[in-house]
Each structure stands twice: as C-alpha cells, then as structure tokens.
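Each chain is listed here by its residues.
2 protein chains.
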Amino acid sequence: MTLILSNDDVGRLLTVEDCMAAMEPAYRELAQGRGVSRTRSDSIVAHRTMKDAVYGLKSMDGIVPSLGVGAVRINSDVISWPKVGNTQRRKKIPAADGRWVGLVLLFSTDTGEPLAIMPDGVMQRIRVASANGIGIKQMARADASDLAIIGTGWQAGTQLIAACAARPIERIRCWSPSTERRTKFAAEMSEQLGRAVEPMPDAESCVKGAHIVLCATSSIDPVYASHWIEPGVHLSSIKPAELDNATLKRCDRVAVHVHEGQPLSFVEKGVDAAETELKKTWAEQEGIDFAKLPDITDLVSGKQKGRDKPEDVTAFVNNIGLGYQFAVAGAVVHKKAVEQGLGHNLPTDWFTEDVHP
Amino acid sequence: MTLILSNDDVGRLLTVEDCMAAMEPAYRELAQGRGVSRTRSDSIVAHRTMKDAVYGLKSMDGIVPSLGVGAVRINSDVISWPKVGNTQRRKKIPAADGRWVGLVLLFSTDTGEPLAIMPDGVMQRIRVASANGIGIKQMARADASDLAIIGTGWQAGTQLIAACAARPIERIRCWSPSTERRTKFAAEMSEQLGRAVEPMPDAESCVKGAHIVLCATSSIDPVYASHWIEPGVHLSSIKPAELDNATLKRCDRVAVHVHEGQPLSFVEKGVDAAETELKKTWAEQEGIDFAKLPDITDLVSGKQKGRDKPEDVTAFVNNIGLGYQFAVAGAVVHKKAVEQGLGHNLPTDWFTEDVHP
Chain A
4 MTLILSNDDV GRLLTVEDCM AAMEPAYREL AQGRGVSRTR SDSIVAHRTM KDAVYGLKSM
64 DGIVPSLGVG AVRINSDVIS WPKVGNTQRR KKIPAADGRW VGLVLLFSTD TGEPLAIMPD
124 GVMQRIRVAS ANGIGIKQMA RADASDLAII GTGWQAGTQL IAACAARPIE RIRCWSPSTE
184 RRTKFAAEMS EQLGRAVEPM PDAESCVKGA HIVLCATSSI DPVYASHWIE PGVHLSSIKP
244 AELDNATLKR CDRVAVHVHE GQPLSFVEKG VDAAETELKK TWAEQEGIDF AKLPDITDLV
304 SGKQKGRDKP EDVTAFVNNI GLGYQFAVAG AVVHKKAVEQ GLGHNLPTDW FTEDVHP
Chain B
4 MTLILSNDDV GRLLTVEDCM AAMEPAYREL AQGRGVSRTR SDSIVAHRTM KDAVYGLKSM
64 DGIVPSLGVG AVRINSDVIS WPKVGNTQRR KKIPAADGRW VGLVLLFSTD TGEPLAIMPD
124 GVMQRIRVAS ANGIGIKQMA RADASDLAII GTGWQAGTQL IAACAARPIE RIRCWSPSTE
184 RRTKFAAEMS EQLGRAVEPM PDAESCVKGA HIVLCATSSI DPVYASHWIE PGVHLSSIKP
244 AELDNATLKR CDRVAVHVHE GQPLSFVEKG VDAAETELKK TWAEQEGIDF AKLPDITDLV
304 SGKQKGRDKP EDVTAFVNNI GLGYQFAVAG AVVHKKAVEQ GLGHNLPTDW FTEDVHP
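For the protein sequence lines, the chains are A and B, in the order given. Mind the numbering: the first sequence is residues 4 to 360 in the numbering used here, read in order. Mind the numbering: the second sequence is residues 4 to 360 in the numbering used here, read in order.
These are calculated hints, taken from the structure and not from any lab test.
Because identical chains share one entry, a pair is satisfied inside a single copy or across any pair of copies.
Under the rule of at most 30 Å between Cα atoms (straight-line distance), these lysine-lysine pairs were calculated in the BS3-like manner:
{"no.": "1", "residue 1": "Lys312", "residue 2": "Lys140"}
{"no.": "2", "residue 1": "Lys140", "residue 2": "Lys252"}
{"no.": "3", "residue 1": "Lys295", "residue 2": "Lys308"}
{"no.": "4", "residue 1": "Lys272", "residue 2": "Lys140"}
{"no.": "5", "residue 1": "Lys272", "residue 2": "Lys94"}
Bound conformation, chain A alone (with noise of 0.2 Å):
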C-alpha cells in the first residue's frame, strides 16, 4: 500500500525530540560519504496572470540507506514579495483554492516502490527546528539556560521546543513587531512547554543577557544587530538573511547547515526583479565564505568543534534544506503511521508500472 497522509498524521507522529534523534546518526552517515543528497533546484517562471509573482517549482532529493528510503521533496508556489513593515518579507500566495503546495515522496530503496505521499508543511518545520536543535547541542555552552527569540510566527514554536530539547533552558523571552502576535504567541508556548515565555516590547530587550538567540522570521533582511552580541552567546538562525555579515564577522565560529548555500536556479529569461534581490541578498552573505564553514555534519561526525570557550560567540545558519532530512522526517512518519493504522492507504500499483522506460 502506499500511503496518502496528512499534516494532522504528521503532526501527530513527528515530535521534535524524535526527529531530532533520528536525524544525528543521519548526519554522520552523510558526513561519511553513505548518505546522498541532491542539492534543491529551484525552476522559475513569471506568472502567467499576477503581476509581479512568479511561479516556482522546486525539487530536493536525498537518500539514507540505513534508513532504506529515498525522499523527493517538491514545492510548487506562487509567490510574491511585499514590504511588511520596514522588511521585504517573500509571500507564497495559497492559489490552490486557499491552501499551499509542498510534496513529500517517499520510497523504498529496497523495491524502490513510493512509500508515501504528504504534506511537507509540519515535516518542515520539524525538520528545520531539528537542525537547528542540533546546532544548539554542539555550539551553544552547555550551561545555555537563558533563551531569546526573534520572531513568532509558523516556525518560531518548534524553534523553541528544539532549543528546550538541547540545552537546560529557564528562561524564555520572544519578539516580534506585532504586540498582538507575539503575545498570544508566548501565552501559547508557555501553556505547551509548561515554562513562561515573556514578551518583550523590542527586539534589544529580548536578547539581552540571552546565552542562544533564535531568529526565526521569514524575513529577508537582517533582523539581529551585532553591537548586541554579548559573550559566550550563541546565535541561531533559519535563513542566511537573518544574520548580517557584520555579525557573522564578529563570532569565533559560524557553522552552516550544509555547504550548498544556493539552490541551483533554472529560470525563465524574463522573469522579473523579485527572485533576482532575494539571490542578491543571498549573493551578499558571500562575504564570509560559507563553503568554509564546517557544516553539521562535520560538527555531528566530530570533524570540528563547535565551540572552544564558554565565552566564545557562535553561530549557526540554518542555509538550505536537504530532501535528504525529509527522507530522515519521512522514514519516522511512514513506520509510526503504518504501526498506528492512519492516511489513506491507496494501491502502489496506482504508482507503479509494468512496463519501464
């Protein structure tokens, strides 16, 4: 059978904690040379219809064989990018009658068969909070106890719950510009990690006296200033743009998720100036040379070390994702969903041939 399964499976399957487990060994396995992954590619398009939004469609794939399973990872969005505030945010327009469109294909490298089909909106934030999580255990002191974080939006919860997994955290104190949203924010983490989460009037006052700061925005602006760096803090972020390079220049060690910091871009000729900035901002972030920087799997596989003294300022930078770690999410998903009976159980010959190309 192959499955068809949801975000509520998803969500009800995949914890933190668990993926974060099963994803270090996976570390170490592609830092071993056994594991495959496929850099994203991202394929662009202007819009046939609204102005100044394109059309793209990107692809990942990775494969674990410890695991047994290969993932295909797919993105088709509308997107567009407005200002909100003083910061260019990238919109990803729900045009599918309101809803979005992220793919997650799992298959059998034993038979090859598809093993599943899901969403990869909750995987996503699961699997980017998890990596993160893991950067905290081999960058942040071990004494870590005292947590910021810069944003409250859709990833800034499982952020939190990574951090918690990682380190002995007590205090927790979040910012975002909008009062509204960062209060309901931290009376919501605070009921689910069962510690208070306090929200702070400006994002100064929030990372103050902090030993991790996590930015966790769709911003694609610097939302960290550096003059705001105190020793021994460790800096997390998910997307390259949060951190400037001032900051960066100014820790000891920066690690980066994975050295394919740029997706590689198939784009149609006259497609317009949005996607264009956004590889600009990414283009700047070259500055500091990230195809030096150790990545995680150097950091899990012990090849480097991600921090030398408690008062060292380190950082992590959460570049791309890998269809590799939603082969990772995707194996824990499919085995706990056919324990526990859930999806929709279509069958594989509806996805498989007998004949081949």
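Starting from the known structure of chain A, arrange chain B on it as the hints suggest.
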C-alpha cells in the same frame, strides 16, 4: 480534483503525432528562454541486499509557461548491468512486486496545485520518439522513404511511428539479435503501420540503402558501424552510446537533444563499478564536444540548419530526457483525461496544505 492516471490511460490519450505537434512549439519556447528545464539528477547508492545492484532516485523538472504546467518526473529504480550477448545492458529490476517505479507529477503554474500523477513508462517512449521524430523532420532528406531500425524492443515501435509521421516512408526493415523477437516485432508493426516491416538477418543488411537509420536499443555499446555510412543517410539514436565517435566524426552534421549531456550526479562514496562504467561510456563520447553541437531547440527555432545537401550525412543523438518534455506530454494527457473523464479522481486537498513552510 487530482487525477491518478495509468499507463493504459496515457496510451489511450497520447499519440506520437499529437506529442510531436505539442513538442515543436514548446522547444521553440525553450529556445526563446521562456520555458524552463531542470537537468536530470541521479542520486545513487549501493543496494542494501542485492549484490552488484544499485538504487537510483532520479528526478528532472520542467515548466512550460504557455501550457500553464510544470512537471517533476521521478524514477525510483533498482538497477544492475548484466552482459547480454556481447553487449552490456542496463537492467532495471522490477523489485516493486514485479513492477517498476516511474512517476510524472503535473502541476498548474496558475494555482500551484497538482493536476495529475501518472506513470512515466508509456509517456517516456512517446516523448523519446517525438524528439527523434522532430530530429528527423529537421535533419533527414525531405524525400527519405527508406527506413531501417536496429532494435525491436519497447522503444522501437514508437520510433517507427514518429519516423513515418516525419517523412513519406515506403520501405521499412528491422533487426535485433533475437530472430524470434525481430520477427514478432515486424509482424506487429506491419499491422500497426499498414505497410510491410521486413525482419533482416543481420544489422548490415538491415541498414543498407536506408535513408534513415533508427537505433532504438538499450545497449550501452555502439550498435552501428561507421563503415556502414552511405551518402545522405540520417542516423537517429536514443542513447549516446549507440553511435560511436568514429560514426559521429564522419557525419556532416550532428545535433543532440539537449546540451546537458550528463545528468547531475549525486553518488554514495561506496557505490561500485557499474554506474561508474556507464558514466565512462558517456564520458568517452565527449571526444565529440556535445556542448558545441546544435540541440533540438536550435533546430526547431531555425537558429541552426539540420541539413545542407541531400548527400550530407546527419545524426541526431537523443542524449538525455528533459522534465520539460514530461510537462508538455503531461499537459496533453491531462487535458484529454479531464475531457474524457478518465483516471481516479482524488480530492486535491489530499495533496495541498493549509500551512506553508
């Protein structure tokens, strides 16, 4: 609704002629830099249990703006390389309960939503034939009427149909190593084409006097000898290995399907010789600099001429497939499937989501 279609559906809905007709303007769109094609990538690991086999997860993407579709084509294969007679062949093992796994996912560029999921097998042989057929239209002598085909397997039938659609073919001969298979193929194709297809006892007598020679084999060794070349012949191959360098060097004009002659390769460190061997065969072809040859988009857009004089020797090498072709063919299939009410209708919200990464 998202349609799940079968190979039977695709076979019923997609003719070689319709596919060729849709492909020609789409290739021009690609030449204009409007269409977008993401080169195939191959992720390869050793198979966990089968000796001398690998697991390959291959993907390619494409967007055809004028048709409003994007496609991802995925192959999830267990592969070995046995020797058959004197030639080494690539064998896809039907490990998925006796079946193979190749899928095309079709998306709307207007809404992002998944329009259809279908197997790639029948579409694959039609899209390969369409490319070679367009190659014939662009390169073969206008009065070519004598046709020979080497290979009588899965790809051969549609190759004949495409050649007959491109030129006023009167005489057809076929050859493959097995007397039984070539006799059966000749009988079947004679009936299907409504004109005699004659099985020949050897390759040389098969190609002698032909204006067009189609190579349509799964061989990874050459199947055509350069001393068989006669003035005015057009050689058409579905894999680079079928025509050796000596043959290509004797041609007045050679065109390739696309310039990305090699897939992007993502291979496990420990993977054994088979795939490497195959890559070597491709690499050897680089004695001819494929990057400098015209491709099919140069031909259909008129940037390059396919042939100068009737006595020129020409060759078209179908070196690698494009996700773009599956987007074109998928659009044709999807439109007709909706009109005719074919396929399993699944709720689109099984494949969309109300959150987004």
